[in-house]
Amino acid sequence: MKLQVRANEPVSNVLTAVAQEALLQGVADTLVHDLKVVVDEIHANLRMHVAADNPELNWTLVVEVGVECLELVVEYPGPYFDSTNTKPMSGDALGSRADGGMGLHLISALSDEFHYNYQDGINTMIVRWSLKRDSKENLLCR
Amino acid sequence: MSLEISVIQQSDEALGLKLDGSVDSDTAPELEAMLDDMVHPSVTYLALNMSGVSFISSAGLRVVFKMLKQMKARDGQLMVTEMNPGVEKVFEVVKLMPDLSVFGSSEEMDEYLTSLQKQQNS
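In order, the protein sequence lines correspond to chains A and B.
Numbers in the numbering used here are just positions in the first sequence, counted from 1, shifted up by 283.
Numbers in the numbering used here are just positions in the second sequence, counted from 1, shifted up by 73.
Do not take every clue at face value.
As the list claims (entries may be wrong) - Keeping only pairs whose Cα atoms sit at most 30 Å apart, straight-line, the calculated DSSO-like set for lysine-lysine is:
| no. | chain 1 | residue 1 | chain 2 | residue 2 |
| --- | --- | --- | --- | --- |
| 1 | A | K415 | B | K168 |
| 2 | B | K162 | B | K145 |
| 3 | A | K285 | B | K162 |
| 4 | B | K145 | A | K415 |
Stated by the list, open to error - Which stretches of chain B does chain A cover? Using the computed rule of at least three CB atoms under 8 Å from a CB of chain A, they are:
| no. | segment |
| --- | --- |
| 5 | 84-98 |
| 6 | 156-163 |
Hints are computed from structural coordinates only; laboratory data are not their basis.
From a predicted model like this one, the values you see are computed outputs, not experimental measurements.
We put the beta carbon where it would ideally sit given N, CA and C, even for glycine.
Chain B on its own, in the form it takes in the complex:
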């Protein structure tokens, strides 16, 4: 199964992507290359909608881990939404969950981002 990556939000500070398919050892390099290209130094909020991800292995987790470190180094956040139970279990096994901002739905995450934006503008 291939991986499709679509941009759902893009600004100077924030990038939102929707992933569909399988993040395995063949497709993870595609995701990494796209993120390396799109996560500019000004990006401090990276959101990954995982509702279409059926499967992730350590190759995909390494990409998430790399992005998480980048965001933390910038005082930013890596946000993840709508993981299926299998994918969530894999994140839990490698102890990534406590470092992520996890949302049950993209609406929930949008609300959070809007409130952050308001705080920054006030």
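Okay, chain A solo, but in the shape it has when bound:
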């Protein structure tokens, strides 16, 4: 499934489309939930940080269910920005804990792989979940 998402698109439309496709492809409910959280985090992040100066920005979102892997690919044009390269969320006591980085922490924690590529002015984020019970390494997605 491939979607073109406008920056001002309500996130519920995107989440509904992604969830319907994943469920149709036989992905388990628990994984669909985690996929939706990740899509919401990426959508909010792009809207806040990338589309703030460019409200006309569109991004492409692809969901593929492979032999061993559920894969989400998000691509958008713009300057290099590696969102996988962020500081981990603080694990301090409540009073001194900052909530920054929570979204990216969720993406990493709820998925099995989170990668970033930059080529020809296009940022690409790839998030993968294993559909195999016994292994989460070297996922075969295509």
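Could you slot chain B onto chain A? The hints should help.
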């Protein structure tokens, strides 16, 4: 999916809300605005019935986190009931669970609140 917020309990010290739907990056600001409006300085017990919440992302967690800090600063509590497994997993990932008072059912929480009220009145 939208978010519906209904008031199930309201007094000077306590506020109970039931949330239904999705607490995502679009609906979390609605929840935050409602809580900012309703959580008066005298409120020390805030209860969120999450039985109807199908999904929460970091935007919603930030609102919960903000309310939790407010309640702790007042020596109060933020109570959460009936989270579905997906929502609970998200709370666990961001390490919010140890700071919350979590109840399996609203009856369990009501009993707890009643006993607290009795202690305060005695």
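Original post:
How does the coverage statement for the segment 84-98 of chain B fare against chain A, requiring three or more residues with Cβ below 8 Å from a Cβ of that chain?
Top reply: Satisfied; 3 residues make the cut.
Original post:
Within a Cα-Cα threshold of 30 Å, do A/K285 and B/K162 meet the stated pairing?
Top reply: Between A/K285 and B/K162 the Cα gap is close to 28 Å, so the pair holds against 30 Å.
Subject >> Outcome, coverage of the segment 156-163 of chain B by chain A - at least 3 residues whose beta-carbon is closer than 8 Å to one in that chain >> reply: holds (count 4)
Subject >> Satisfaction of hint between B/K168 and A/K415, Cα-Cα up to 30 Å >> reply: Distance ~27 Å between A/K415 and B/K168 Cα, so the pair holds.
**OP:** Assess, step by step, whether the Cα of B/K162 is no farther than 30 Å from the Cα of B/K145, and give holds or violated.
**Re:** Satisfied, since the Cα-Cα distance of roughly 23 Å is no more than 30 Å.
**OP:** Would you check the hint for B/K145 and A/K415, treating anything up to 30 Å between C-alpha atoms as holding?
**Re:** 42 Å, violated
In summary, the structure is inconsistent with hint 4 from the numbered list given earlier, while agreeing with all the others.
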